[in-house]
Amino acid sequence: MDRKKSYKGWEEKASKELHDKSLEDHFWETPEGIKVKPLYTEEDLEKINHEIGLPGLPPYTRGPRATMYTNRPWTIRQYAGFSTAEESNKFYKEGLKNGVMGLSVAFDLATHRGYDSDHPRVLADVGNAGVAIDSIEDMNLLFDGIPLDQMSVSMTMNGAVIPVLASFIASGEEQGCPREKLTGTIQNDILKEFMVRNTFIFPPKPSMRIVADIIEYTSKKMPRFNSISISGYHMQEAGANQVQELAYTLADGKEYIKSALERGLNIDEFAPRLSFFWSIGMNFFMEIAKMRAARYMWSKIVKEFKPKNDRSLALRTHCQTSGVSLVEQDAYNNIVRTTIEAMAAVMGGTQSLHTNSFDEALALPTKFSARIARNTQLIISEETGICNVIDPLAGSYYVESLTSSIVEESQKLINEIDEVGGMVKAIEIGIPKMRIEESSAKRQARVDSNEETIVGVNKYKPTEKQEINILSIDNEEVRKRQISRLHELKKTRNSKNVESFIEKIKNAASSNGNLLEICIEASKNRCTVGEMTLAMESVFGRHNLSTKTISGVYKNTVKNDGKIDIIDNELSKFLNKKGRRPRMLVVKMGQDGHDRGAKLIATAFSDLGFDVDIGPLFQTPEEAAKQAIENDAHVIGVSTLAAGHKTLVPLLMESLKNNEASYIKVICGGVIPPDDYPFLYDLGVSKVFGPGTNIQEAAIEIINLL
Amino acid sequence: MKLKSYLKLFKISNIDFSKKIGISNVSLSRYITGERLPEKSILNKIFKLTEGLVDANDFFLSNSPSHDLSEIHKEEIKKMIFNIREGKLKDLAKAITLVESSLKLHNAQADLLLSKLKHNKKSLRIGITGVPGVGKSTFIETFGMSLIDLGYKVAVLAIDPSSKRTGGSILGDKTRMMKLSVNKNAFIRPSPSQGNLGGVAKRTSESIRCLEEAGFNIIFVETMGVGQAETTVYDMVDIFLVLLLPSGGDELQGIKKGIIEMADVIIINKADGNLKNTAEITMSEYKNAQNMISNIRVDISPEVFLCSSTESTGIKKIWNFIKKFEKVRRDSGSFYKTRVQQQTKAIWRNISLQSQDHIEYKLKSKDSIKKIIKDVEKNNFDVNNASRIIFDSIFKSNS
Chain A
1 MDRKKSYKGW EEKASKELHD KSLEDHFWET PEGIKVKPLY TEEDLEKINH EIGLPGLPPY
61 TRGPRATMYT NRPWTIRQYA GFSTAEESNK FYKEGLKNGV MGLSVAFDLA THRGYDSDHP
121 RVLADVGNAG VAIDSIEDMN LLFDGIPLDQ MSVSMTMNGA VIPVLASFIA SGEEQGCPRE
181 KLTGTIQNDI LKEFMVRNTF IFPPKPSMRI VADIIEYTSK KMPRFNSISI SGYHMQEAGA
241 NQVQELAYTL ADGKEYIKSA LERGLNIDEF APRLSFFWSI GMNFFMEIAK MRAARYMWSK
301 IVKEFKPKND RSLALRTHCQ TSGVSLVEQD AYNNIVRTTI EAMAAVMGGT QSLHTNSFDE
361 ALALPTKFSA RIARNTQLII SEETGICNVI DPLAGSYYVE SLTSSIVEES QKLINEIDEV
421 GGMVKAIEIG IPKMRIEESS AKRQARVDSN EETIVGVNKY KPTEKQEINI LSIDNEEVRK
481 RQISRLHELK KTRNSKNVES FIEKIKNAAS SNGNLLEICI EASKNRCTVG EMTLAMESVF
541 GRHNLSTKTI SGVYKNTVKN DGKIDIIDNE LSKFLNKKGR RPRMLVVKMG QDGHDRGAKL
601 IATAFSDLGF DVDIGPLFQT PEEAAKQAIE NDAHVIGVST LAAGHKTLVP LLMESLKNNE
661 ASYIKVICGG VIPPDDYPFL YDLGVSKVFG PGTNIQEAAI EIINLL
Chain B
1 MKLKSYLKLF KISNIDFSKK IGISNVSLSR YITGERLPEK SILNKIFKLT EGLVDANDFF
61 LSNSPSHDLS EIHKEEIKKM IFNIREGKLK DLAKAITLVE SSLKLHNAQA DLLLSKLKHN
121 KKSLRIGITG VPGVGKSTFI ETFGMSLIDL GYKVAVLAID PSSKRTGGSI LGDKTRMMKL
181 SVNKNAFIRP SPSQGNLGGV AKRTSESIRC LEEAGFNIIF VETMGVGQAE TTVYDMVDIF
241 LVLLLPSGGD ELQGIKKGII EMADVIIINK ADGNLKNTAE ITMSEYKNAQ NMISNIRVDI
301 SPEVFLCSST ESTGIKKIWN FIKKFEKVRR DSGSFYKTRV QQQTKAIWRN ISLQSQDHIE
361 YKLKSKDSIK KIIKDVEKNN FDVNNASRII FDSIFKSNS
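Protein sequences, first through last, are from chains A and B. Residues in the first sequence are numbered consecutively from 1, following the working numbering. Residues in the second sequence are numbered consecutively from 1, following the working numbering.
So here's chain B without its partners, still in its complex pose (with noise of 0.2 Å):
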């Protein structure tokens, strides 16, 4: 990073800083300016002091263009914080987009966005999963008609398929939520996953800080049970909801073992009409299992319910947990602390997300790399030295 934004980020005045390399308070200044080169002897001062932070390519490269925004772009992410804030949706869904594309430009344009966000302590992120026709859809439905009679505002974010084939998608999820989505306590928001959950959890994460900032209290993230998504979302919410059939094991539900074991609520959905008997028995197995499965939140344990979304049954009972859940939690202060955890282990996921792309798209294509690969592949050139010659390059490029 450039000298002077290392300053300013750990508040070090130019002139303890000067002090502390030997040079004098004007020489610093032209080192920052640009006006002179620092010699090498000052740079490796510069490099061991700031931990690598500032090495010699922040003098001697300029920054890549996409980190500096125009005036006018600064003042599109202006306009859009100010209407998020007043409400319009035409606003909020295009921060959501800047925070989904995959321009440079807008991703810039996002993280300004979000660097002006404030941090929601108020709101509930609920994550949803189950496989494809468990009633996800519908139960969300109910269950945020019932929140907006409530007078919550209801969000939220559906997570689709794409097709790896084609990277298309087809996105249905609001001819199931046919009264949420027109009610204007609502936004429902469906996402394709463009095949990479890494990126799915980046864009969800800061997709749930734009709708807090409209004002929505209430956030759902709903994803297919079947794939690994479901870790990741687990990360970004404050309870997770897992909604099962009325029938059979983890084996017949075709969901994942471990996704039940994240549960801190268990939901057997569609308990209506001839399957309510299958619904109780397979409540009460899970009842059981569940004091077998070790407790990830220490202070409520997970319960399983009841539910019909289309006869409106086991709603109340469920949302009365959940509130119990959060106030215990708030309570205990644990609910924020978690929230602190999950942004730390956001930061390193962006930073395996971006090393991935870095490695993908810049390193794989670069010519000198695809030499020493094709010297591996002709036996000319051994393995661990052509990793550790490629690792090192990583941390000499800055673009």
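Just chain A, same shape as in the assembly (with noise of 0.2 Å):
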């Protein structure tokens, strides 16, 4: 009663302050439909569906261990992106002298894709966005001097995760660590790959099994290490928000669960080994809230397959600050941001972390970039005390509140999957993908119309460009580099051995045999990436996707403030001087899978009016000049984010040239370096547009250039 009154009194007095304004005004809607008070109480603790309990046991909304950070704090993990084996080596070793824990490995384009270096199809992506692996030999100097029973590694591969990991393990071997010792995680997430990343190789069908195939293997015979770590990363990266990113995940993990019973695992020799990994953005309470939900649904998940051990219940995570918050404009900003995000996931109880460099909107780390991400964890780690205290927002009442709402939101959304069947018929449909690009299409469009904020981009614009030096990568150069290595080993390896591996691989793969096992052994009998993937491949066949596209949302959500109404002006004195609306083609050349900007950018183009073409992903420049001049387009826009504009866009405007077509107007758009810009100008490319665009001022300038 007393209670009562006095949250009456609070509303009379805050409703005062208001003056004419009323206290519903100051409810904030989240972008994920959750409805958050000014003001929480008491009262609100009550109301929460979700069960709080104590670290280190079970629902473990809390945090997976007892002591959690009071012990060990999380592990530093820098993720990195260097093209050859031996710049990625050295700076290992550098990390490791300055507090780095955890190795984590990012790999090229081709190798993702299964492709070895000397393929025709990579030409640009070779030693981009990451190391190339094309066999043992580079894991060998990958590892070099490391040593593997002491060191964690953690590999973001997923596409060609059999004869990567087969690699891996038979690299330890040789320097002798045997596999049982290996600690670590391969990420080894399909299902994501088909929602938002598009690294995949084979069709769904063989990815499951091939998923199943590491679980299993992993769980016999590598007891430390961690066989999948189911992604909503980059569902975030794609532009999901909050409570599809833990919605989608945890069906996800629900479907490998049911893939690796159906192999005859038992629940408990696995489950505690999945991880996950988790992006953290600027959202900050959404973001605690949403790891602690996490934990609790999916003890609550795995808990329906009824296992023994505790330990299956327990989520583990891995969090990375979000790089699609870090813009190029103003870019020392992102420091901050980093450091905001990374706050959050340690106040969230993450298990390891890796914070993403203030440059990352521009290009790949330099050493300094790298240095102040590294010290930002630890400057968190040593000097504020947080560790000291486990959980520390438990029972806060809006923390806790926003844990209920984010748990049933979420369940709303693993409901509509489970209801048509599970993630893999879901993907299938296209409902993931299609929802996430609906948040994608309407979080640019408040972006661009005002109402959702970022410094320097929208608000606050710096006056002067600041130069930042930036690290530039030699393709070519890595690329001449690793096909001479790959010509010698080809030269000096028995190929009656390469033969027979290759033979009994695809054996395995039409027949039940396990992939890893028997990838190990090729691996070491110097057996390439490529060529391991490509035996498989003649059995499962590469995979295509079919691009759907959204329409509308970009528009409804957009708020007009004039510059609609210009564009609309600008487009009818086109159409009655040219005849046809502006056509554009949108392109994604080179195996960069990440198409979340290349769809954006579509759906906004046509919402303004625009007739947009969408090439297939994983274009050559050739073939992208011959759909721009089927097709019409007045202008190629060719979306870039793993540093292969260098090689492919002087190949798209050579291609252009010997088809006579050079009056096809080119304008590029993504992670470009400034210090790139008078590069692409002088190939004779129209206009570049960096991270952080505003879409509307951009087709304004895209109309007039035409």
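Computed footprint of chain A on chain B, listed as stretches where at least three residues anywhere in the stretch have a Cβ under 8 Å from a Cβ of chain A:
1) 93–104
2) 170–180
3) 185–191
Keep in mind the hints are simulated off the structure, nothing from the lab. The beta carbon of each residue, even a glycine, is placed where N, CA and C say it ideally should be.
Fit the two chains together into the complex; they arrive one by one in their own frames, and the hints show the way.
Following this line, the structure appears as structure tokens:
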């Protein structure tokens, strides 16, 4: 009674302070559709529908371990994308000297897609976004002088997961570390590849079988190794909101459990080795609540499969600060963003963390930016005292209410997936992809119409451009080196052995043999990643993605502040002059499958009144030119994220010229270091757009360009 | 039309014509060159003799400039035709753009271009329709690639719906035709529908002729099976394929019954994996129903096939039937006869299209017409009289 009275008292006081505005106006509806009140009280805590419990005990809402950071802080694990094994090896050794406790390997795009460096489709992809691994020889260089029995290694690999993991295991054994002593994680999360990242090789069915092969093998032979890292990260990067990220990731996890059980494994054999991977963005409390909700929900999900061991119920996770929250404009601000996100990850109870470097919206990190990123974690861990208390936000009226709302909203999405028969089915229908793209288009519309603030981008813009030193990679040089190493390998190895292993892999693929087991031996016998992949491909086929797009979402969300009228006016002028609407071909060339940007551009521009053609993923420049010519596009929009532009754009320009089609204009957008702008303009590129570009302003510029 | 053009079109000599009107050959020449204007009685005679094709306006008003192309523009077209025959895709693509353009100049250029093209009797024009998600593009990808292996040159015209609200569109067909789109013996052109079905029909049938000139001998025309575009597409192809999903009847398919009745080939697509059984049931349902559907083609009955574009099954059977269909109809002469009838239909379709455009963009914007309509709205004028006056005015305007 007293409590209610005092709450009423607050309401009155607050209403007075607000003058004529009502309290309701101060409710905030988050992008997830959760209504956040301006004040939470004791009463809200009584309404929550999840169990808070204690750390280290089911349902693990407060953390998977009883002592959490009070005993040992999270693992600082920095993902590195250097292009060669030697350079990465140097970076690892440097990191180990400076407080890094685990290694994280980023592979180049050619490796992800199972192509050796000498394959004609990967001209621009070798050494881009990570290290090129063609064989066990590259793995040996990568881990030279790093004791694998002491160092945990995390590998971001999904497509070519079998040959890469096999080479790693084989390399460890050649180094003298038996497989049962290897620790670390392989991402091995193929479902989200079909949903957002597109770095798959085989169709969904054989891909799921491969996941099960790995879970089976590691659970029996590699007890210290995490067989899978079920990732929401790339969903949030692709534009998913936090509820979507959580729900679809847990639904993926459920699907993996089912396929491992179908393989005849016991839930307790593998569930404790399943791990998760979240993206941590700028919505501070939401991210913390998401991580807590995730642990609670996962324990409930696993419980359905009747485990005997409580450890099967505990969700362990890696986190990375959000790459998509980084912007090109006023780039030093990214240090601050990353710090806030890292705080959220820590408050949410992560087991390991990668902090992004501030220049990652422009290029790969430099030594300097990598050091700041690393230090961000060390400062939180050692200067703030945060580690001294477990789950410090538990019991907060707001955080617990938010946790509860997220549980509720995510459950709805999971139910939707269950209703269509699980995640594989849902992916075939395209449900999660469509939802995520909608959410991504909405966000862009909110940013474009200044409803969501990004400092330095749509508010408080800097008046001067700062110079930032960035790392640039000579991709051609890397490719040459890889190819010569491949030639050397093929000259010295026993080719009869290689052939017999290729046959064995094919046989295993068409029967029920464990592919990982055979490929470990194949790696030792110097079969390359490309050869092992091709052997499997001859049985499974290579998967092609049919691109689906959404329309109307951007236009429905964006607020018309006059720019839309300008665009309409410019468009009708264009139509009267040229006899048709501006036609733009949006292409992604090379092996980079991140198509969030390309799809966003496609849907937003068509909503604004352009005719937009989309190219298939993984196009070569010649193919893109052919499509632009046939469709008679006015302009080609090249979406690039993985530094492929330096090789691919020149080839595209050349291909247009060879076909007498230089009248087609070319623009570029995405992660392009400002230092490369002059290079692109010299080639004849008409305009370069960086991350954080306002789409409506870009549309006006493009119409004027034509 | 100008008297000179009339005489040329109907192959009447100046002397014969002057005799018929009762004037000297010299006078007629002066009328034709515009040196002199004919008197009222002569105008009347010319009007009657030409059934109104040549009227007073043709002597008093100069023609709108859009019908006359400058030498530069004509030269462009000549070069374009040459390059199209040489197989240059760039020029073929540009020609289709001219055909699709809403500019008067482009239309005149397109008319000139089309008038120079040969009538290709060997090509096969295949219409394909089906609801979104039925797998049209994937079917064309598999089918098209198998035809290229047989030595054909394959073109695809895909009509994508434009958004009515914004007018923009997303054209993603090629993402589902990855192999075909990069093959040098294939040409794929997705086109926005621009919300105008009649316009789609005109543009598409003209684009077909450009493709044939470039040597493409199999032309696919792909439309969504949800609107009315199909009936118009039906009138520009030699054979009409309808793709269905392996489930239930027409209502469940979301496809209009009228469209199924037009089908020469019904294909139950996606007959793979655990849908195989359902597909077979669907096939037998349609086979039975097919007997009841009145047959449009007299010489060959439609057939139903199972197909899996992903497993590449059924394609060969379908192609064999299409070959048979083509042979039967070529042998009986109905193949070419249908094309001739389609041309006649195209004339009337173009005319009604132009009339509609004329009403929309010319008539409705005239102040006098606006006033008449205002009067009708105020009940100062009755509907029938108003309609007649407006209708008559169409024939008096020559621009």
